[in-house]
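Chains as they are written, first to last, in our numbering: chain A, 1 to 512; chain B, 1 to 278.
For the record, the hints were derived by calculation from the structure and aren't laboratory data. Nothing here was measured: the structure is a model prediction, and the numbers come from that model. We treat Cβ as the ideally placed atom computed from N, Cα and C, and that holds for glycine. No incorrect hints appear here.
Sample of chain A residues with no beta-carbon within 12 Å of chain B, all distances over it, derived:
#1 V294
#2 P381
#3 R434
#4 G458
#5 A488
Dumping the calculated DSS-like pairs for lysine-lysine here, alpha-carbon to alpha-carbon at most 27 Å:
#6 K467/A / K327/A
#7 K275/A / K106/B
#8 K67/A / K272/A
#9 K28/A / K272/A
#10 K41/A / K467/A
#11 K275/A / K28/A
#12 K106/B / K28/A
#13 K272/A / K106/B
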Amino acid sequence: MRCVLFSLLLVIVSAPPAHAVVEEAVAKRIPWSGYWWPVAKGELLGPLEKYDALSGRRAQWWELENKPPGPQVPSWHGYCHGWSAAAILEREPVAHYVTGATAGPGPIALGVGEQKGWLSAGHAFDVANYYGDRYGDGEGSEDIQDIAPDMLWQLLKTFIQQRGVALVMDLDAGEPVWNYPVFAYRIEYYASPVSPGWFDGSLQLCAADDAVPPDYVGTVPHLQTYTFTFQMRGGAVVLGSGRWTGYSVLNHPDFAWYPYVAMPENPELQYKTVKSLVGSGDAAGARTNVASDVWLGYGRNSEAAESGSDVPLPLSPLQLVATIADKTSDFGLDAHLTEFGRVNYQVADPYAIAGSTEEDGYLYVLHVSPDGELTLLHPAPGIDNRVAAGTTFHVPGPPANHCLATGPFGSHRIKVLVTKRPLMLTGLDRTAPRTAIGKSKTKPGGKADDDSGWQGYGFRFFPTQHKQVKALLTDYAYNKSLEEEPLAQIATRQVLGRFAQDEITFYVGPPE
Amino acid sequence: MLRSLRILLVAILLVLAGGLPRGLAQQTSDNLPSRLDELRPRWEPGDRWTVETASRPLHIRADADQAVRWSSLRWQFEIPATEDLSSGDCLRVEVTCQAEGQAIPKTVLWLNRDSHALQRITTGLPVPGGFEELTMSYESASGQPAPILGPLSALPVDTPVLYGGAKGMQTFSYTSHLGTGESKALGEVAFAHQIEQQVTSLPQEEVQKLFGQHFTKSLEDDPFSKSLAERPVTEIRLRSQGREVRQLWQERRPWPIYCDNGYTVSRLVAVDCKEDRP
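The following block holds chain B by itself, in its conformation from the complex:
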């Protein structure tokens, strides 16, 4: 008992002195990234990145060999401009599917430039002859930024809060309502969400295992994927109403390098961002 306390004391002193040796840090479950805000992407207009998704067909019969039949698609994320919403200066992120010959709706996200919190999302619902536009707006209950679970599962559009004050397990709340208004219309029913965010570090071997489960190209197969192995990985889990989203983040990456929202698994496959350009 005394020996355990002594080890704990030494560990605390080491953390205060500048951090544990890396190997020890990865093995300690409660060791949190000390500079979480460095994970926050430095988005700029003109930035682009590509995400590959593999979706599990939940609605088909259970005996089908679903593991080899996940539907795979690539999506391009692009920041064409900033936009001023009444809630603040936002980055407009446009998401388009790269599949050819398919009428697939475009999705637009508005993310607060300072906090990176999702403020609004617009997408199209396919209908005969076109799309029906769907818009959801989000408002933090406390005025502080909150993680948001987006309304789509085929696309990884769930956003955590990435700033130094967010660590370990934290609970946030926000309300969502339909339309572009910053707050719900009078008499309209809104929905109040409670959401948990948990931040931990993740060893590289675990990262490789996750990628290998769902994507034929592992971390070693192409130059970009290979580069993902060169930086430490932080795992963020978001939980709300029985749903869990698992994201892996790295510094200087514009989007999670890996995300599993329970229905769709995605990985970052290409980046063309200002901070990464020579």
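Excised from the complex, chain A in its bound form:
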């Protein structure tokens, strides 16, 4: 009961004033999720080989000559820019097909991923309209506050609200460029109680995510949340007055762009040929008739978050961290290691989790390492994670029968959550489960062999965000209070509705 009262108090304290103005919009066409084709791994070479076989060109050769894969390539270099442009400008390839060619190489099977790879390469050098200055390239203002929130707001209004089209943003404020096609936003703002003429605002952006396998079809939302302040005069936002606040000072979009003229970078790959080879695509377009909460979650409408809908609710990385740090529950939940009383483990020791909940819900089990790295132990993407009240759950589920303790040495935490709606965790890397230490056998589809330890799925956060999340979760792992952080302003009940949580702590040390 005390927890419930405390939760209510938190909602009241952290809710924005009642007179907040809300503006939100979703693009008419939702961009599709696609793989980012890291250059270091040379994964685009396979699709290009098939392109060459069908077109008689030498695109794979050019790629190898000009972008040789290997450890010398920075790990973040890839084709996220080509995918982002293609996801906005092109219909999504949704089906595998076999070319009818009988001459030359004969029929060739083309997967969705290969078609998406060609489209990404076909847009790799698009002429674009840019907004804001790229940080760290030695050109322009090199102002870390750029792109300013007021300028970004104007772009969101222009592109998404007025014209209903998505636009691309480099979401990492630092030197690396992590492009995403952003297609939905919500801004809530209210007059500053202390500075006349000034307003405090929050911004939610939703993009299509690229942490998906190449053959993935559909849109995985990538939600980000920001805070800012700005000035208004005569009903107009004073451009130049906007400033990021809180965590957003260092973690905000860097620049935005909209592709204007399609151009491949690889001269052996022709855009027209790609268009003729790719299937007709999803003519109906992505899901545009769904409610905005599917992409943006809920703002101040916390009652809606508690609805019985089974449509996943997107959660931004900061909202997830705030939820992990929240130690209050709305109903009973008990979780424990199956080896009662054991708190000391060595690397590669097996462990498993069991528990029960007082109410039906959706079960999430997250592991936080001593250095703040986050792993989702349950559920694997696509797995039904509903749990019924009063029944016992086990993690990991079949075919794996245990998880493996991993380094680094120190205090490890397991956070167990039961929510009333399923969640869509931003950045969850759906491409493959983490490799088990010493035992790397996994079956196709990401299922672990029953004799290997389950390691769960990692998260693909861009560097600035990764650093921020790691710092917060390291504090959490060492039981430091996060109440002084701006994190405490995130009202988890508003975001999630009612939920229950429990924690397990164990220590991983060196072998004796």
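Add chain B to chain A, keeping to what the hints say.
Using the frame of chain A, we list chain B on its own:
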């Protein structure tokens, strides 16, 4: 000190008497074009000109040799007619890309016939199967014409104010809003811009250096480019919200002979205008 004052006094007297000798004028940073309004193009329906652009791919990885890989395109600007907007008589300027086999949107600008201020711009945003039209309208805060930074960086559509009263460094303000209305709809959020315009003269050697940095054809390579070297050049810099646009203007030219907006560099490559026709 006394000697400096004497030189300054002589310089002022020379300016009042009709201008400094040209060489001295180019070396004096605060010497401004005395007849800025003569830079204002004499646009007429039927005028056409061509602009070449080279865009820097900002979104690709930084280690690529971007200097040799700027994407180059040519755009034709044409004035088919005048149009009467409620803000006044405007010249309609249509911009089409000359690249073959590409679906590239057309852009239309409406420029006030008297002040040459940008009133409205419409362009197409490429989407699957076509274009989505985007329109922005602009309104000067004081009623006086203001320089405007357009919503596109791939195309040089930023407009300065070119009249005799504009000189040195000046600050202007304007509001922009979405759609074709002359003013924002009730309850709609508009955006108020402050913009600085700085006007200076620029020596020819500096002009040649700028052209040579981005375009393979320098001022001497073709007859039109060569003709650009025959007239004095005025530099106009527009600054707003951390963005700077640098334009070079010449008398009797319909558009800047050179423009760098931080993302795209452009140059005027051909002109077919009434005032230049024999």
